[in-house]
Each structure stands twice: as C-alpha cells, then as structure tokens.
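*Asks:* Each chain, written out:
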Amino acid sequence: MATSIAHRVTGNALAFGGLTLFAWWLAAAATSAEAYETFLAVAGSLIGWIVWIGLSLVFFQHLMSGLRHLLMDTGWGYDLGLSKMTAGWTFLGSIALTAAFWALYLFGTGRL
Amino acid sequence: MAGNFDSASGLKRVRGLGSAKSGVHHWWMQRVTAVGNFALMAWFIVSILLLPTMDHSGVIAWISQPLVAVPLMLLVLSTFWHARLGVQVMIEDYVHAEGLKLLSVLALNFFILGTGAVALFSIARIAFGA
Numbered sequence: 566m567a568t569s570i571a572h573r574v575t576g577n578a579l580a581f582g583g584l585t586l587f588a589w590w591l592a593a594a595a596t597s598a599e600a601y602e603t604f605l606a607v608a609g610s611l612i613g614w615i616v617w618i619g620l621s622l623v624f625f626q627h628l629m630s631g632l633r634h635l636l637m638d639t640g641w642g643y644d645l646g647l648s649k650m651t652a653g654w655t656f657l658g659s660i661a662l663t664a665a666f667w668a669l670y671l672f673g674t675g676r677l
Numbered sequence: 108m109a110g111n112f113d114s115a116s117g118l119k120r121v122r123g124l125g126s127a128k129s130g131v132h133h134w135w136m137q138r139v140t141a142v143g144n145f146a147l148m149a150w151f152i153v154s155i156l157l158l159p160t161m162d163h164s165g166v167i168a169w170i171s172q173p174l175v176a177v178p179l180m181l182l183v184l185s186t187f188w189h190a191r192l193g194v195q196v197m198i199e200d201y202v203h204a205e206g207l208k209l210l211s212v213l214a215l216n217f218f219i220l221g222t223g224a225v226a227l228f229s230i231a232r233i234a235f236g237a
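Top line first, the protein sequences correspond to chains A and B. Position in the first sequence (from 1) plus 565 gives the number in this note's numbering. Position in the second sequence (from 1) plus 107 gives the number in this note's numbering.
These are computed hints drawn from the structure, not numbers from a lab. Using N, Cα and C, we set each Cβ at its ideal position, and we do this for glycine too. Honestly, I wouldn't trust all of these hints.
What the hints assert, rightly or not - Restraint-style ranges between C-beta atoms, simulated for each label pair:
#, chain 1, residue 1, chain 2, residue 2, range
1, A, 567, B, 164, 14 to 24 Å
2, A, 664, B, 204, 38 to 48 Å
3, B, 142, A, 644, 34 to 44 Å
4, B, 160, A, 610, 12 to 22 Å
5, B, 165, A, 650, 16 to 26 Å
6, B, 159, A, 603, 39 to 49 Å
7, B, 231, A, 603, 42 to 52 Å
8, A, 616, B, 146, 21 to 31 Å
9, B, 205, A, 664, 42 to 52 Å
10, B, 164, A, 644, 50 to 60 Å
11, A, 644, B, 228, 21 to 31 Å
12, A, 667, B, 204, 37 to 47 Å
13, B, 130, A, 566, 18 to 28 Å
14, A, 567, B, 148, 36 to 46 Å
Unchecked claim - Listed below are several chain B residues computed to face chain A (Cβ distance under 7 Å; list not exhaustive):
#, residue
15, 216
16, 220
17, 224
Here chain A stands alone, though its shape is the one from the complex:
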C-alpha cells in the first residue's frame, strides 16, 4: 500500500520536476556558457542541493518500487509476508542507493 502510493508520488515528482530539470540542464548547456552558469548557480545553491538530494531519493525509491512491480508482473511476491518484506526493502534500498550515489559523487575518483 505505502509502496504503491510512494511509486505514484515519486513517479509524478520525477515526471514534472525531474524531467523539467533534465531538459533545463541540457538546454542551458546547448545555449551558452552564460546560460549554463545560471543553471550551475541555481543547482549549487542551498535550495538546489536540497532539490538534488530529494530528487535522487525520489528517483531511487521509484526505481526500487518499479523493480518490485516488474517482479510482481511475473506473478512472484504476492504472498503477504514476502510482499511486506520486499516493500520494506524498497525503502531501505532507496536510502542506501542515494547515500552511495552521493558518496561516490562527492568523494569518488572521477572528481578528485
């Protein structure tokens, strides 16, 4: 139940928030160095960081509950105990993936 609601809420946040920011990032890069600087200034502000961290958590939650949906499409995981367990995993998994992503982004070899 909670996973199903979370899947919808995160899906809509990604559709309207995530895709708009994705398109803005690409359009700013394609327009000019100045336009890209404006994007980076907003992206690097405190509100920007709150949005990125929130959006990444929303993305990984949607990914986890989406994978659960695909597994259940095969007919697996409808047993009540198992269903509750995999629902819990989606929340733990999304938090773990979000933490792993930002740890790699901030401290990974690519940037250092």
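Place chain B on chain A using the hints.
*Replies:* What follows is chain B alone, placed relative to chain A:
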C-alpha cells in the same frame, strides 16, 4: 452473466467486452520503457559519476561524442514516454469529470512533447557542434 455466453468460444466471449482497445499496448509500453529507463539511467548515473567535471566545457565535450549523444537521446525518449504513460494513468484514476480529464491528458501531452523536444534539440545542437 456467464449463462448468456455458455455456448460461445473464449474468443467470442472476449470480443466486444469492455473498452480496452489500446489498453494492453499502454500497459506493455509502460514496462518496455521501464526496462529502457533502467538500462539507460544506469549508464547515465555511472557516466555522471565518472565525469571529471560538471562545468560547461566538460559537459559539452562529453555530450558531443556520438556514443554519448545517441544514448542520451534514447534516455530522453524512454523517460519522457514512460512519464507520459504513468501520469496519464494517474489522471485517469483521479480525475473523473470527462472534460477536465480530457484537458489534463491534453496538457500532459503538450508538456511531455514540449520539454522532450527541448531536450532532444539541445542534445542535437551540442552533438552537431553549435
């Protein structure tokens, strides 16, 4: 209900029932694009983590490679299509007034096609060296 159709074959029973028409295609494409999103987002996230910088020249140099521009375009197609299908289902579930439902789905399609076109054009512009 079943009594009326006792002598009919399975196919005959299904024909003319409900208004599914293209419903199965919608459901199926939601899954196809989900798998596409999974593969392309995995590529995108790893790429972002490996990019040495997110500054303008670095991002432009990255996107202008054909082996980046093409998967990036596919990512746009897959995610925007997936979003359109998903939000449409939500509208159909929660908006019950026919006129408002039609307007909402129309607005959704314009939003997805508009932002999707901006994203695709931007990638093409960078890739073709504007």
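*Asks:* Now tell me, hint by hint, if it's right for this structure.
*Replies:* Outcome of the hint check:
no.	hint	result
1	A:567 x B:164: 14 to 24 Å	violated (44 Å)
2	A:664 x B:204: 38 to 48 Å	holds (43 Å)
3	B:142 x A:644: 34 to 44 Å	violated (25 Å)
4	B:160 x A:610: 12 to 22 Å	holds (19 Å)
5	B:165 x A:650: 16 to 26 Å	violated (43 Å)
6	B:159 x A:603: 39 to 49 Å	violated (22 Å)
7	B:231 x A:603: 42 to 52 Å	violated (22 Å)
8	A:616 x B:146: 21 to 31 Å	holds (26 Å)
9	B:205 x A:664: 42 to 52 Å	holds (45 Å)
10	B:164 x A:644: 50 to 60 Å	holds (54 Å)
11	A:644 x B:228: 21 to 31 Å	violated (48 Å)
12	A:667 x B:204: 37 to 47 Å	holds (43 Å)
13	B:130 x A:566: 18 to 28 Å	holds (24 Å)
14	A:567 x B:148: 36 to 46 Å	violated (23 Å)
15	216	violated (12 Å)
16	220	violated (12 Å)
17	224	violated (9 Å)
Of the hints listed earlier, those the structure fails to meet are numbers 1, 3, 5, 6, 7, 11, 14, 15, 16 and 17, in rising order.
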